[in-house]
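Residues per chain, in single letters:
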Amino acid sequence: MARNPARPLSPHLTIWKWGPHMLVSILHRATGSALAIAGGVLFIWWLTALAGGEASYAHFIDLMTSDRTGKLNLIPAIVLIGLTWSFFQHMCSGIRHLLLDTGAGYELKLNKMGSIATIVISVTLTILVWFAIFARGI
Amino acid sequence: MGTGTGIGRVRGLGSAKHGSHHWWQQRLTAASNLLLLVWLVVSLLRLPLYDYRALVLWLSSPWASVPLILATISVFYHLRLGLQVVIEDYQHDFSRVIALVLLNFYAIAGAALAIFAILKVAFSGAVA
Numbered sequence: 000m001a002r003n004p005a006r007p008l009s010p011h012l013t014i015w016k017w018g019p020h021m022l023v024s025i026l027h028r029a030t031g032s033a034l035a036i037a038g039g040v041l042f043i044w045w046l047t048a049l050a051g052g053e054a055s056y057a058h059f060i061d062l063m064t065s066d067r068t069g070k071l072n073l074i075p076a077i078v079l080i081g082l083t084w085s086f087f088q089h090m091c092s093g094i095r096h097l098l099l100d101t102g103a104g105y106e107l108k109l110n111k112m113g114s115i116a117t118i119v120i121s122v123t124l125t126i127l128v129w130f131a132i133f134a135r136g137i
Numbered sequence: 000m001g002t003g004t005g006i007g008r009v010r011g012l013g014s015a016k017h018g019s020h021h022w023w024q025q026r027l028t029a030a031s032n033l034l035l036l037v038w039l040v041v042s043l044l045r046l047p048l049y050d051y052r053a054l055v056l057w058l059s060s061p062w063a064s065v066p067l068i069l070a071t072i073s074v075f076y077h078l079r080l081g082l083q084v085v086i087e088d089y090q091h092d093f094s095r096v097i098a099l100v101l102l103n104f105y106a107i108a109g110a111a112l113a114i115f116a117i118l119k120v121a122f123s124g125a126v127a
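Just so you know, the sequences run in chain order E and U.
Here the first sequence is numbered in numbering that gives the first Met the number 0, starting from 0 and rising by one per residue.
Here the second sequence is numbered in numbering that gives the first Met the number 0, starting from 0 and rising by one per residue.
In case anyone wonders, no lab produced these hints; they're calculated from the structure.
There may be inaccurate statements among the hints.
[What the hints assert, rightly or not] Cβ pair distances, simulated, as ranges:
#, chain 1, residue 1, chain 2, residue 2, range
1, U, Phe122, E, Leu107, 51 to 57 Å
2, U, Leu27, E, His11, 47 to 53 Å
3, U, Leu56, E, Lys111, 43 to 49 Å
4, E, Ile74, U, Val65, 32 to 38 Å
5, E, Lys70, U, Val85, 35 to 41 Å
6, U, Ser123, E, Ile115, 44 to 50 Å
7, U, Asp88, E, Leu107, 22 to 28 Å
[To be verified] Not the full set, but computed from the structure, chain U residues with beta-carbon under 10 Å of chain E:
#, residue
8, Leu36
9, Tyr49
10, Ala63
11, Leu67
12, Leu69
[Unchecked claim] Here chain E is said to cover these stretches of chain U; the calculated rule only asks that three of the stretch's residues, wherever they fall, bring their Cβ under 8 Å from a Cβ of chain E:
#, stretch
13, 23-31
14, 70-84
15, 112-123
Here the structure is a predicted model, which means the values were calculated and not measured.
Glycine is no exception: its CB is placed at the ideal position from the N, C-alpha and C atoms.
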C-alpha cells in the first residue's frame with residue numbers, strides 16, 4: 000500500500016463540480032451505513048423488546064415515543080425520521096443502481112433527472128409516512 | 000516465476016472464478032430486500048405499533064413471522080456485503096482485518112438475535 004508521493008493522483012472529489020449524481024452516490028453509501036448500524040440495532044432492539052414481554056415492549060415504546068408527561072421524545076423522533084428517510088433514499092437510489100446496471104440511463108440529462116428523482120421521491124415518501132403516523136398517533 | 004516473459008509471469012494468477020460473486024449477491028439481496036421491506040413497511044403502517052397484543056397476534060401467523068425472518072436474513076446479509084465494501088475502501092492496514100471480523104460478528108449475531116426473538120414471539124404468542 001506504500002504510495003510514491005511523487006506520482007500524480009487521479010482527479011478526486013475536490014476537482015469536480017458537484018452535481019446531483021455525486022450527491023446521490025455518496026448518500027447511497029451514507030444512508031446504507033446508517034441503516035446497517037443504527038437501523039440494524041434498532042430493528043434488533045424492537046424485536047428483542049417484543050420478545051421480552053408486555054412490560055419490556057411498553058418500555059421500548061415509551062422510550063421511542065413520549066415520556067409520562069406525553070411530551071414527544073425528541074432524539075428518538077429525529078433518529079426514526081432520519082432512518083425513514085435513509086431507508087427510502089437508499090431504496091430509491093438502489094433501484095436506480097439496478098437500472099443503471101442494465102446499462103441504461105447514462106445520458107447526462109436522464110442521469111441527472113434520475114438522481115434528483117431519488118431525492119424527491121424519498122423526501123415525499125418520508126413526509127407521507129410520518130404524516131400518516133402522526134395523524135393517527137402511532 | 001520471475002524469470003520468464005511478462006505474460007509468462009502473470010499466467011495462471013488471474014481470476015479465481017468467483018470475481019462477480021459479491022457483486023451478484025449484493026444485487027440479489029437488494030431485490031429480496033425490496034420485496035420484503037416494502038411488505039414490512041406496509042404491514043407496520045397498518046398495525047397499531049404501541050399495542051403489544053396486536054403485534055404478538057400478527058407475528059403468531061406464519062404469513063408474518065416467516066417473511067420477517069426472511070427479511071432479517073436478506074437485510075443482514077446485504078448490510079454485511081455493503082459495509083464490507085465501505086471498510087475495504089477506507090481501512091488499509093491491520094485495522095481492516097479487525098473491522099471485517101467485527102462486521103461479521105455483528106451481522107451474524109444481529110440476525111441470530113432478531114430471528115430468535117421473532118420465533119419466540121411466534122411460538123409463545125398465541126398462548127398468551
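Evaluation of the provided hints:
| no. | hint | in the structure |
| --- | --- | --- |
| 1 | U/Phe122 x E/Leu107: 51 to 57 Å | 55 Å, holds |
| 2 | U/Leu27 x E/His11: 47 to 53 Å | 31 Å, violated |
| 3 | U/Leu56 x E/Lys111: 43 to 49 Å | 47 Å, holds |
| 4 | E/Ile74 x U/Val65: 32 to 38 Å | 34 Å, holds |
| 5 | E/Lys70 x U/Val85: 35 to 41 Å | 37 Å, holds |
| 6 | U/Ser123 x E/Ile115: 44 to 50 Å | 48 Å, holds |
| 7 | U/Asp88 x E/Leu107: 22 to 28 Å | 26 Å, holds |
| 8 | Leu36 | 7 Å, holds |
| 9 | Tyr49 | 5 Å, holds |
| 10 | Ala63 | 12 Å, violated |
| 11 | Leu67 | 8 Å, holds |
| 12 | Leu69 | 14 Å, violated |
| 13 | 23-31 | holds (count 3) |
| 14 | 70-84 | holds (count 6) |
| 15 | 112-123 | holds (count 7) |
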